[in-house]
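Trainee: Starting from the known structure of chain A, fit chain W onto it as the hints suggest.
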Amino acid sequence: MTVVHEESATGAEVPIRRIRVTVNGETKTAEVEPRLLLVHLLRRGLGLTGTHMGCDTTNCGACTVLVNGRPVKSCTMLAVQADGAEVQTVEGLSTPSELHPLQEGFKEEHGLQCGFCTPGMLMSAKALLEENPDPSEDEIRWALSGNLCRCTGYQNIVKAVQWAGRKMRGEQA
Amino acid sequence: MTADGNGSAFGSRIRKEDARFVRGLGKFVDDVVLPGMLHGAMLRSPMAHARIVSVDVSAALAHPRVKTVITGEMLAERGMAWMPTLSYDQQAVLATDKVRFQGQEVAFVVAEDRYAARDALELIDVEYEPLPAVVDAHQALAPDAPVIRDDRPGQQDNHIFDWESGDAQRVAEVFAEADVVVEQDMLYPRVHPAPLETCGIVADMDPVSGRLTVWSTAQAPHAHRSLYAQLTGIPEHRIRVIANDIGGGFGNKVGVYPGYVCAIVASMITQQPVKWIEDRAENLMSTAFARDYHMRGEIAARSDGTILGLRVRVLADHGAFNATAQPSRYPAGFFGVFTGSYDLQAAHCSVTGVYTNKAPGGVAYSCSFRVTEAVYLVERMVDLLACELDMDPAELRMRNLIRPEQFPYDTATGWRYDSGDYPRALAKLLDMAGYHDLRAEQAAKRERGELMGIGLSFFTEAVGAGPRKHLDMYGFGMADGAELRVHPSGTAVLRVSCMSQGQGHETTFAQLVANELGIGVDEVDVVQGDTDHTPFGVGTYGSRSIAVSGAAAVTVARKVREQARLIAAAMLEADPEDLEWGDGRWYVRGVEGAGHTLAEIARAAHADIDLPDGVDGQLAASTVYNPPNLTFPFGAYLCVVDVDPDTGQVTVRRFVAVDDCGVRINPMIVDGQIHRGLADGIGMALMEHIAFDADGNHLGGSFMDYLLPTALECPSWELGETVTPSPHHPVGAKGIGEAATVGSPAAVVNAVMDALRPCGVRHADMPLTPAAVWRAIQGRALRSDLAIR
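Protein chains in written order, with our numbering: chain A, 24 to 196; chain W, 4 to 792.
These aren't lab readings, by the way, just hints derived from the structure by calculation.
Just so you know, these numbers come straight off a predicted model, no measurement behind them.
Mixed in with the good hints, there may be bad ones.
Said to hold, decoys possible - Quick partial rundown of chain A residues pointing at chain W, CB under 8 angstroms, derived from the structure:
1. G77
2. C83
3. G107
4. E114
5. T118
6. F129
7. K130
8. R164
9. W165
10. L171
11. C174
12. Y177
13. V181
Using N, Cα and C, we set each Cβ at its ideal position, and we do this for glycine too.
In isolation and in its complexed conformation, chain A is listed as follows:
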């Protein structure tokens, strides 16, 4: 799989770097311009359009993915910086037969409306629960403060993360 620019094209000579990235468990090779943002590699190069872009100043977090397990705003990382890294996106959360508890929690607690912030929220919340399986409401709000939502007023997102935490800890959701 080859990516020259944001998508395959021919044209001006630009410096190209070959990178190897593992995305949702599958290793991909791509040829990219050094300036290509990771979010564009994911969205256009790999067709993983669940990761969204909501701003141009790294504030909104709609592009959040996990890079080597840590939540990263993929609009503020170059694709070349992900060379050799493990990247997880929202598409890798569920299997065809089973949703991740966070995805279930967001459905159960109405933690989404337009759905645009949801993938980034899910990835930030996943990082939180992996680090802190039983967070308090304040800890959840802090952990998600890098993710803007314009629809939900956040409360149901907090409840969704709590729901998922309970399920992951084996308690009654």
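Mentor: Below, chain W alone, put in the same frame as chain A:
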């Protein structure tokens, strides 16, 4: 619950939409990829007001990956340099003569991808001749103010319109009789809806068929199609607008933007699909802003607290083009509902609109056509009156609320409120919040010098435009179509003209139909947003979906159910008059449990049964619902804040909201809508502001400056409800989507002003940032120079 349905489908806690969104499988406009698709980027003006001397695109055209560059001159040759707005003004698509606001569209580059397109923007050379900018609306009508709109024949100044409502004479009389009159200037600052997904389009002009297909962020896809037809000359039946999933709209995505038109023209020229997705800076600088109303309110009352009348003067800053998205005969939207929830003798308002060197807009951000401004005004004035009379603001409101027996109530400005039980909602709020305990706590804190505030807001919304007789958008009466088809196996497809941007229509509308037909919610699919596959209508904004399209969905379902009655009568060999509907079946009166379900009837309709006269071999119907009136949901809100006297930092400790939107189709979704609007209230009251400097430079162009609430600024909302059905809506439902955005800012501001009372602060304008609050405490409130003289 309803006249016919039993409301059994009205309790769902699952949204159909979620399945794709939680998997990252939504389909938003920037997810659309077509073979050969090019990418557009917009060159924008760095100046607020300047003559264009020359535009040189030769270097950009020489870029190896650039396909074309579109200029205003090229558009002018096609008669497309200007486009009509929803307010019967015109707006420049690409500037030809002058630029009139910073961020205005000047040229459009089309390249192989978005990186190359952005590179090429740097290669365009525009020579500007700067002109003085009109930034302060109060200076717009000064005799020496530069005329912004010299493109308009006969336009000698920056005046757009004067509009008034109510009885000025009667107001003068009641003011003369009043014991007390309180006056206050206030600004509802310019803010922005800032949906998380910006605006964008993919335009695909097929040169062979002559068909134009457009994927875009359109809250009103049918209106967009009509405008494109008018602008391009492509016949309407060959234009298809598709709004797939939209990442929030909030009124930002009602109108047509220059970028959409440029992408369409670019696709015509290149004969390839063209995508244009704006970035956040472009969204904040150039798309529909909200508010920007400079208001002077006067309230008259007796010394016992009986409110007699209200008088308001407004100076409305509309920016450089009047592109306000509102019913065309209402240049100030529904600001006329500024009498609020109170039984007044007289009211009058006058609104003057002016051009300034700023982006166009005005009606957006869940405003229900300026009801945000109306509610903010009246709720601030009532609080100021309470201060003047030294009365409890809850008691003052309770004393003046319209009583339940007065509905339908005709306001002093000519609106007919459909239904309400205001005292019940207010009493419930005070009880839920523990109002008297809060006041006791506040008194104790004041003794210790701590600043705690309790703010109330009691609001009446006006949502669900039509009726079409009075209300039109772009010449289209505000009625909405619905089509329903029941398949032979008894499942159904509903097609509606509204367009969700997260409000859950796919679920709620399925519930409405399922409830009428006695089938499962999962057995109804909802189609919206594709103009080839949906009936005509004017879209989703102004909380009109449930009120108008929802009523259309119920109406069309009942039509189908009546068809089913005739077919069931044929099946049962009975007189249709002898049939009754219940428990999801048509049965002969008195023989419950027998009869036929919709699935059985649908099968028969498509089979070999002899059909009665006038019945086709199908179960399908269409309708256009023209509402007899708006719906008037209402609510009682209370906000508790703590203010740090040393820093001016406001913390919202509690927010209690009692909403009444009549019958709730899906309580889970209703609550989510309210949560959103309450967060909007925190944002507008405390953080959000699109500001300009004296040269017209836009100072809110990114999320670094335009601050939106995060999970940290929002408390856990405490919600309550009462149910006062709308008497004219088929299931008694009223709109709800914008109610909390309309009602909550006043509650927050009233709370902060209540907290600052010991400091002698009477009023300070939003946003109440730490700096603004600190200045108010020092007696140096910001923007006091904006009073209307």
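Trainee: Now look at each hint and say whether the structure bears it out.
Mentor: Checked hints:
1. Checking G77 (chain A) against chain W by beta carbon gives a least distance of about 4 angstroms; that is within 8 angstroms, so the hint holds.
2. For C83 (chain A), the interface hint holds, since its Cβ comes within 8 angstroms of a Cβ in chain W; the closest pair sits about 6 angstroms apart.
3. Proximity of G107 (chain A) to chain W is violated relative to the hint, the smallest CB-CB distance being about 24 angstroms (cut-off 8 angstroms).
4. Because the smallest distance between the Cβ of E114 (chain A) and any Cβ of chain W comes to about 5 angstroms, under 8 angstroms, the interface hint for this residue holds.
5. With a cut of 8 angstroms, the hint placing T118 (chain A) at the interface with chain W is violated, because the nearest CB-to-CB distance is about 11 angstroms.
6. With a cut of 8 angstroms, the hint placing F129 (chain A) at the interface with chain W holds, because the nearest CB-to-CB distance is about 5 angstroms.
7. Interface hint status for K130 (chain A): upheld, as the beta-carbon distance to the closest one in chain W is roughly 4 angstroms, under 8 angstroms.
8. Checking R164 (chain A) against chain W by beta carbon gives a least distance of about 4 angstroms; that is within 8 angstroms, so the hint holds.
9. Below 8 angstroms, beta-carbon pairs count as interface contacts, and W165 (chain A) has one with chain W at about 7 angstroms; its hint therefore holds.
10. The restraint placing L171 (chain A) at the interface with chain W holds, with a minimum CB-CB distance near 6 angstroms, inside the 8 angstroms limit.
11. Evaluation of the C174 (chain A) hint against chain W yields a held restraint, the C-beta minimum of about 5 angstroms falling below 8 angstroms.
12. Interface restraint check for Y177 (chain A): the shortest CB-CB distance to chain W comes to about 4 angstroms, inside 8 angstroms, so the restraint holds.
13. Because the closest C-beta pair between V181 (chain A) and chain W is about 7 angstroms apart, less than 8 angstroms, the hint holds.
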